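Based on these hints, arrange chains B, C and D on the given structure of chain A.
There are 4 protein chains.
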Amino acid sequence: MATETELFAGIPKIPYVPDAGARDVLCFKHYSAEEVLLGRKMEDWLRFSVCYWHSFCGTGADPFGFQTLHRPWNEGATPMECAKKRLHAAFEFFTKLGVKYYTFHDRDMSPEGSTLEESNRNLDEMTDLALQLQIRTGVKVLWVTCNLFAHSRYMNGAATNPDCHVLAFAGAQVKKGLDVAKKLGAENFVFWGGREGFYSIHNTDVAAELKHMANFFKMVVKYKEKIGLKCQFLIEPKPKEPCKHQYDYDAMSVIGFLKHYELDSHFKLNIEPNHTTLAGHSYEHDVVMASVFGMLGSVDSNTGSPDLGWDTDQFPMDIRNTTMIMKTVIEQGGLQPGGLNFDAKVRRESTDLEDLFIAHIGAMDAFARGLRNAVRIIEEGVVTSMVKERYMSFSHGIGQKVEDGSASLEELEDFVKQNGEPKVTSGKQEKYETVFNHYL
Amino acid sequence: MATETELFAGIPKIPYVPDAGARDVLCFKHYSAEEVLLGRKMEDWLRFSVCYWHSFCGTGADPFGFQTLHRPWNEGATPMECAKKRLHAAFEFFTKLGVKYYTFHDRDMSPEGSTLEESNRNLDEMTDLALQLQIRTGVKVLWVTCNLFAHSRYMNGAATNPDCHVLAFAGAQVKKGLDVAKKLGAENFVFWGGREGFYSIHNTDVAAELKHMANFFKMVVKYKEKIGLKCQFLIEPKPKEPCKHQYDYDAMSVIGFLKHYELDSHFKLNIEPNHTTLAGHSYEHDVVMASVFGMLGSVDSNTGSPDLGWDTDQFPMDIRNTTMIMKTVIEQGGLQPGGLNFDAKVRRESTDLEDLFIAHIGAMDAFARGLRNAVRIIEEGVVTSMVKERYMSFSHGIGQKVEDGSASLEELEDFVKQNGEPKVTSGKQEKYETVFNHYL
Amino acid sequence: MATETELFAGIPKIPYVPDAGARDVLCFKHYSAEEVLLGRKMEDWLRFSVCYWHSFCGTGADPFGFQTLHRPWNEGATPMECAKKRLHAAFEFFTKLGVKYYTFHDRDMSPEGSTLEESNRNLDEMTDLALQLQIRTGVKVLWVTCNLFAHSRYMNGAATNPDCHVLAFAGAQVKKGLDVAKKLGAENFVFWGGREGFYSIHNTDVAAELKHMANFFKMVVKYKEKIGLKCQFLIEPKPKEPCKHQYDYDAMSVIGFLKHYELDSHFKLNIEPNHTTLAGHSYEHDVVMASVFGMLGSVDSNTGSPDLGWDTDQFPMDIRNTTMIMKTVIEQGGLQPGGLNFDAKVRRESTDLEDLFIAHIGAMDAFARGLRNAVRIIEEGVVTSMVKERYMSFSHGIGQKVEDGSASLEELEDFVKQNGEPKVTSGKQEKYETVFNHYL
Amino acid sequence: MATETELFAGIPKIPYVPDAGARDVLCFKHYSAEEVLLGRKMEDWLRFSVCYWHSFCGTGADPFGFQTLHRPWNEGATPMECAKKRLHAAFEFFTKLGVKYYTFHDRDMSPEGSTLEESNRNLDEMTDLALQLQIRTGVKVLWVTCNLFAHSRYMNGAATNPDCHVLAFAGAQVKKGLDVAKKLGAENFVFWGGREGFYSIHNTDVAAELKHMANFFKMVVKYKEKIGLKCQFLIEPKPKEPCKHQYDYDAMSVIGFLKHYELDSHFKLNIEPNHTTLAGHSYEHDVVMASVFGMLGSVDSNTGSPDLGWDTDQFPMDIRNTTMIMKTVIEQGGLQPGGLNFDAKVRRESTDLEDLFIAHIGAMDAFARGLRNAVRIIEEGVVTSMVKERYMSFSHGIGQKVEDGSASLEELEDFVKQNGEPKVTSGKQEKYETVFNHYL
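Chains as they are written, first to last, in the working numbering: chain A, 475 to 914; chain B, 475 to 914; chain C, 475 to 914; chain D, 475 to 914.
Just chain A, same shape as in the assembly (with noise of 0.2 Å):
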């Protein structure tokens, strides 16, 4: 099997060569999945995934132009002989990189049917093969997710559809979506509610909507614990695109849902830093909001443009924000069960199949270096005693009232009283900055 497969002929295991020139793009420079930093493997500390979707099945095809990549594993006599290839194609992809998870949609695997029961067929059998392939590479399911979106159905929602019958189908859908990650040893399972939203508030019933998208979760949780899965659920928050409204705006959005509905304790949040700047806020932001709030689970590590208005995935190649989210993420111990996926494509102007690899290392080597920089930051503390001392009020007297709990208003008052006007402190943001600089 491996001679019809290999489709990336000419390249060979991407090797770890640290002091390759500029021009040498088919190397890591950086990304050393077996070094050591603060106690963990590199590639334990990174946790990297390829996605299925825009690596595999991407065709180029963009609002305004029509497919430009055009892949051999693509070239079959039938939709499952193409699925077969594809997959493959993308483990001898995933070997080749030394990645060891990947992610992807139940549609992306597997080629929709007809009916529900065709297309249940279909994802059986493409499992089977995945799942053999999983064995013999090593290579693991990150996160599994079902397509809730592309399909026509779907056009009005899926969980938040105003016809009950689609939001049937998209439960029937979620329901083998979860056997499958059960049968694949998923770590985790994401719900992207791309349609769970609205294009027109005049023929949207907002309450409406949001109770039923929380009724489909509730039914889900339960259907988790009766099959015995283990995995962790996300929500991947977007503020818009395709919907004019996503209702999943934000982590704090997705927060406020959860808890208002108590379903805060079956999920956690798979934060994508490009959703992130769509929503106004700063590339690090979400990551770590959802991580302060404790449900940050994973992270799919792309980027956007901050002048552009749309979702580009574009790797994520910026050390300053590889370095930011590495940073949360060491704070917090660690992202497992969750990890760094690569939810990125190449441009559909990289049609190259060696820009597929080298999109991949340009990014892995980005987050290795942000690793890097994060580890000398927490290390050498510089960063965090300037913090730690910024908020000493707060371990004593007046300060430590406050902070757990048990100051007043009055005792507050008297403070002042006593204690009068408080003295200026600089904010230091430019010493900060600078010295932030210095880790990069």
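The reader is advised that the hints may include incorrect statements.
Chain copies aren't distinguished; within one or between two, either way the pair holds.
Distance condition first, Cα-Cα at most 16 Å in a straight line; then the derived EDC-like pairs of lysine to aspartate or glutamate [said to hold, decoys possible]: (1) Lys698 - Glu885; (2) Lys704 - Glu805; (3) Lys650 - Glu885; (4) Lys685 - Glu877.
Simulated from the structure, these hints should not be mistaken for lab results. As the structure is a computational prediction, the values presented were derived from the model and not from experiment.
Just chains B, C and D now, kept in the frame of chain A:
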């Protein structure tokens, strides 16, 4: 006393003259306070409020220019003399305009002293006068708020300041603010956390700051209960400005925060559409979302320009927007004890004293038109029945089970196996838009 | 042949029924083609045009979902058979709607072949039929354009492609497009440089690309003159999407480019408001700016949502916006030979065939209301005289010298030395807004 | 005199200590003024300039808060006494920092009087002192500009004011500004039209205002020639803020304006990246575009936050950005007589006097790193040769004819008929990004 405060001498009480021509901008053409719509007077649906800070304290200074607005009520020998003259002028204005409510910050009404004690004494003296003027004119306080952002001590935050001494000062100030609210019979009390957020993530301990903010609110709730203050607490979301990131980003962020810290039964939201649009939402979005979650307490009726990235606090003039707001307000049964507060300022180039009247009249008429439109939409029921029909599948069968939370994934799958693919149903957005236009 | 093309069988010619109720969305309530306003028929002020690509070629696919719109005119045995059926359907639609113009790309009307020669033969055959249908119905071509962005060959640009072979292909295609424009009597010819820009500054030689684009336009001008084509050339600005940056960013960018390369006498602009708002301007901005510079040729009458960062090409429904556009159009004496082209698509969820009518009717009525409003504003002259009065100082004395360019800094200084500080004059923005609202 | 101005007493001249650790933020780690790169000293490539208004006149006030920065040089008995103390402090700062240039507005350096004559006298007295300090220290004026936006008389614009009296005042002020520029040997003169635009389209005659602005510039050019002033004129684009729309929106808008009014030979552009990003472009965009059109005169080296919609004027700290700017600067042969002016302010929370040093040092080091990176990129030539290869087709055959403007559409068509479909060429964006990262 009447003579000395007659600062709007040339302007009589604003009449309602429905057929006034285009140039006549000193009368109402649409707002008729006593007219009854859907069983309630216009003034009870609209509950307009004038904001003290923009309309009576504003100077027209902006980050690139000095004062342009030179108000006669600011000419006085001492700050307290000015403050009193200003308050008289304001009540003259409220009365001539025919608005029954006003809103203010503690520091608008009364100059800050060099100590907390002096500030409190000033506030006592000023609120004695305010109470007197309220009784004389029948004008009431829609809400009070404490200014916890303008003084330099708050530059790094109030309840989220890294220095607990500053937090204590904020607590002392709010304690007095609550006393004032009780004294003046304020129907609501607003918290706008203008500096509760960060300018740089590098120097900020987000987890600590959020906890301090929650503990601060808990003290405030306790003191409110202690003094028997009956008003509604409101939090006003804003995404950014002056901060780079404000914790109360938008309605859902605040709801998430309140639920996480179990504060949600004590607070509702005061939504400002200019803040909503800065958070990347449509004009009416947060009003709708807050209402859906049962958290809409009041509205700061203003507008921004969608092409500008900062808060311009313009008077709301777009009938489409006012119609959407009033439709939501009617559907939730009104805003009481909240209202429509004109958190809006005349442009700094609008230097004539009459511009203050023209702006309020134009905005009140815009809301009166919005109310009339919304009433017609609701009374005729065309849109309502279109929406109802759209969600009809949830009123019976499997839909009803989803609605009441008794369905399971297995049942949904069975339903699909029996009923196959859902039928295609047009969302008919353009029809909704066309019908909506009919009412504008 | 009439029978076989009767695809909108249930829908008769759209009547004008000014007092139709809210639910009756299949008649005009405001647009009355023959009615005369300011000495010109409504249809001559409005010069509506249906766009072929969205309304007849659109499938409803978006970056996250598959086709939703299954049109009967796309069911045929061969691409050419479909193309002809589609064209018949389109003319049936134009006629029933009562619109006199249409616009199209070469590749919408006629399928691309495997060679340039085959594509050209297809286009010849299809335009023969188009000409026949134009003569039979009286419907005319507002403008033609060449699709230089959808085929994968154009992925890196057409006139700005780094490979001159692609530029040559674009040139050959435009040559044929100009021949077609002449054959069909197109009144304008549009260039939209969707891929003339860059995705990454790193791989781009901006100076070279701009020069190539200019030289390309010079060849186009020469060929137009050679064949005696009389139509107006138009460039359509767009800031981004699909590119990260498009050279024709907005009206002023194009004007700068045209003047730099001395092409400005040969081109005007086709302004699309959805592109204008994506460039950070207000809805009417580029229409106004192009008009002021004598460069407003035509308008793509659509709209986006200000909270979305991509081109949604919605039907324009906001009366405020249509009023602003029509006021500018009237002030420049009309758009002829340009028009109001509905570069707008029904939402992908608007799957009923009637939605295509409803959307156009709603938008035509929105423009008819805008026209009526603008006519009233201009006829009553209130706003005009307020503005005239505001600039009166330029009609005499030192102002007149500034106006005619004969003043000097020395004279300005002398004037100030004699006259001192200028008096304060209110900008009265709220008054203007209130008066403007009177006409909506 | 030295003693009385020693306001930064604790801070010695900033040394270059390349191996200083993270906490040592009062020395340069990368900027070494005398070091030669590509045949030029670092200080000649970088030509840093300190801006007077932010760094010496800034108070820390923002639209939501009062003064936070209390500078010792602002403590004086009279405005003129303060002004002198401030100027001494500034020259002490320039000298200790080792920066050779400064920039200022007329009204920063010298207080506005109650008449033009008094203002001019103040300016004469202050510039006498400035000249003395320039001679003593060797620090020079990079550029002067007139503040035509802060005084209330300019609220409706200066050269575009509807009242010609205001325009006359602006003209008189600029006349004096040009005299001052000559006196102090300014190398450039900047025009930033902060209020040249509009707040409301309703009250604005755009055509008239643009013409007045052009005529104003023509007078300015004439006076410059008359007095034999040799400096470069620069226009600084900004899209909005304080205006809703500023006519000098971005580089291309200004180029379009200048060419339309035949002013382009007299002006270049001063590009501020924080303005560029507010116009919806990427950080380096306008620097690149201005350079390509031969119009890049100078750079206001600052930054904003991409998630904020207003001008924050932060110190530039992102090495990626500084590398892109310096690459463009080197490619056009340097910025002289322009430079890199720190139009940046310490955050209002950065209240320590040393923060002013830290901010400048951090930014200068960021630019020094950018310069070193850009030099390596250019010297190694990897990127350059990749780009050159990409456009190679224009160096021969049909490509060369396109390049030199001698090709025709007919020839392009012939070429395609002979050569068929172009081959697919990957844009290789990820490769470029990965290679670029190698140099950061």
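* To do: Would you pick out the hints that fail for this structure and give their numbers low to high?
  => Of the numbered hints, just 2 does not hold.
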